[in-house]
Amino acid sequence: MYLKIIISSIKYRRGLYIPMLAAVAISLCLIGAAAVVGSSFDKIIDKEMTKYGANVILKSNSVGHIEDENVPLYIKKLKINGKDVSVAEGSIQYLLKINPAWLVKGRTNILVGKTAASKLNLKAGQATEINGVKGMIAVFESGTDFDSFIFINKKANSPNMFLIKTNNPMKYKGMNAVILEEMVRTKYAVIESIKKLMVFIALISAIASITAVINLCRVDTAGRRKEFGIFKSLGASYKSIWKLIGSEFSLLAVISFIIGFAGSILLSWLVINYTAHTMISVNLQSLIIIGITSLLSFSFAAMVFIIESKRLHIVEELKSE
Amino acid sequence: MFSFIFRLAAKAAVVQKFRFVSLTVTIIVATLLLVVLSALYLNGESQMAVELSGVPNMVIKPKNSSADLLPEGSDIIKLFDKNIKKIKSEEYFWHNNIVNATPIAFSEGIVNGNRVKIAGTWFNKNLQVDNQSYKLGMLRFAHWKYTGKTPNQNSVIIGSNVKLSENNYETYENETIKIVINGKEKTFQIAGEINTGSFWDNYIFIDSNLLSELTGSKGFDEILVSALFKPDDNLSIRAEREGENSLSSDEYEIWMCSPYISVVAQTMRAEIPNSEINVQRRITEVQAGIIKTSSGIFLALFILTLIASLTAIFSAEKMYVTSHIKDFGIMTALGASHKKIFIQLFAEISLSSFISAVIIYLISSPLVNYISKAVYGVRFEANSILIAAAIIIPLAVSSGALWFLRKSLKENIVNLLK
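Protein sequences appear in the order of chains Z and A.
Residue 343 in my numbering sits at position 282 of the first sequence; the count goes up by one each step and never skips.
Residue 1019 in my numbering sits at position 412 of the second sequence; the count goes up by one each step and never skips.
Hints in this document: simulated from the structure, not taken from any laboratory.
Worth double-checking, as some hints may not be accurate.
As the list claims (entries may be wrong) - With a straight-line cut-off of 16 angstroms between C-alpha atoms, the simulated EDC-like cross-links for lysine to aspartate or glutamate are:
{"id": "1", "chain 1": "A", "residue 1": "K793", "chain 2": "A", "residue 2": "E878"}
{"id": "2", "chain 1": "Z", "residue 1": "K166", "chain 2": "A", "residue 2": "E847"}
{"id": "3", "chain 1": "Z", "residue 1": "K175", "chain 2": "A", "residue 2": "E715"}
{"id": "4", "chain 1": "A", "residue 1": "K899", "chain 2": "Z", "residue 2": "E242"}
{"id": "5", "chain 1": "Z", "residue 1": "K166", "chain 2": "A", "residue 2": "E849"}
{"id": "6", "chain 1": "Z", "residue 1": "K184", "chain 2": "A", "residue 2": "E849"}
{"id": "7", "chain 1": "A", "residue 1": "K670", "chain 2": "A", "residue 2": "E883"}
These numbers come from a predicted model, not from an experiment.
Input sequences plus hints: build the corresponding full structure.
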């Protein structure tokens, strides 16, 4: 019976509640999307960080099994075109896999760094034989000292250098290793900025949502006061009127929470999947933020009517009826 | 007639002050949401690029230098500080994109009988170029973490991997160090420690002028540069992989006038003869990836914000019009045409929008300033787009909403007065 009254009231005021629900649900979607995007940003940046490639250069010929993704290389000095050059034997396929940022023009089994190519006057596409490996030259550019190397696709039988890609580079500390972590601090700085931005988006959206709901409610206060007047004249207490208002807005809060949560998951999935091609991570925090905003928005709306019901003067309100 | 309608609208606004204020407040909040967040999104990409520029992403080296992981000889050609001045001078088209540049001169020294790597550099130098003052140097790389005091010409900065003695110092405060460079011993004050997260942590940094005095060698072996750039797109990828000759003349012009990292490097090479510009691709690829992804997310959030703001304004105006239905009925009964009612409503909503626009214009700038400072650490200036948006959005949305709501005005008089 009670639920019927609430549903009838909501149905009767659909002209008011549909725009109100739409305004809150869209704000909740924005808040939820900001929360989910903020919490997924670590993953997004980690994905971009993989482009960094090998982050440990281990110079040693006496290491045991390396658990992390790595490319063993055997580096030696050779004389090519009358000039000394460092030649590295190893798997070119794994070398390029572990260093996705290197710019390689062509696919071959002889990779010549751009500095080495310029020094030795070697051109891309030129057929050559280096240390028993025949093939066409492909020139690569890394921007590092490897640009003065030549890599040949040959198994490194007794490797003296390992290029390693690992999530925990510090375990190689003290092992004659060069550890490259220069982007780690950058990562945290970016995440901090993004999180702050998302907090402001959520905050401003929450204020906008609450303001929109309160203002929409104010439009209907005159009609509602009249209705409360009828309730009072029929013997209803303030408490039962407040209970009615509270239940009505609680139901609206639940509906907007469901729409807002579903919408924010869908929108953040679209945003993250389309822009970063990765999956979203929804945490409890996002859920709580959406719930609190939804509850706050409609609590303020209910407050408007509760205050109006207290200011009620039955005779005045029913005078025109 | 118009003056009468506007007076009527003003009177209606005063009489219906609660509804009018509610409408105005909703327009203000919703437009502020859009204007403030748009300013953050619009500047987000460039700010993200600045945020990411805290590490060197280019190295300028003399051409044919013998840099190698297994060193094989000494360099012949050297670089000089005039090269840094060139890339910061107005003559170099992308000078504003050069965030930081610091020279490096390599040397070796002996500390407590152990061989150490020495790099002569600028710590934090004021460089005057074209009557402009720039602060450049290794301590200006924002993501190289330095802990210590301000170094002077007789100070050294120790890389975090350098072991000076068996008993590691917990702090370098007030410590001194004796370094033998080129057979000359000199005592230095240790200013602090630097953690770069790269092989630079194996170096002891000293002032480049002092190193030059000790070694007797002039010039530098390389220059570390941090440059802002635009992430690669299809055009720049094609230019990089197939060569600039594969571009049409129009494409070439677009490519050359865009700060792609390859363009910045190529034009820099032209400024510094006999130089080789090594783009640190492992860094630029990560930087470009993050900028691209963030921009996509900012754009998507901007669209969401736009929808949220417009819905809020539209809802508020729908309610305003609905709450006026009885008034329209009375006006129609008194002989007012739909057109006149429409014009009066338009005047009321325009008045509300105008008041909103003025308030938004006044508060959006300080608000954007405050929020940008809190989010990015810099204050965004109120740009012309922001000001135009603050004025146009409320008016445009109000007119648009009214157009959609015109049906409500054409209701039957009996329905209106019911």
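Now the hints, each set against the structure:
1. With a CA separation close to 37 angstroms, the supplied pair A/K793 and A/E878 exceeds the 16 angstroms bound.
2. For a cut-off of 16 angstroms, the pair hint linking Z/K166 to A/E847 stands: about 9 angstroms separates their Cα positions.
3. Distance check on the hinted pair: Z/K175 and A/E715 sit about 28 angstroms apart at the alpha-carbon level, beyond 16 angstroms; violated.
4. About 22 angstroms separates the Cα atoms of A/K899 and Z/E242, which puts this hinted pair outside 16 angstroms; it is violated.
5. Only pairs whose Cα atoms come within 16 angstroms are accepted, and Z/K166 paired with A/E849 is accepted, the gap being roughly 9 angstroms.
6. Only pairs whose Cα atoms come within 16 angstroms are accepted, and Z/K184 paired with A/E849 is accepted, the gap being roughly 15 angstroms.
7. With a C-alpha separation of about 5 angstroms, the suggested pairing of A/K670 with A/E883 holds against the 16 angstroms cut-off.
Hints 1, 3 and 4 from the earlier list are contradicted by this structure; the remaining hints agree with it.
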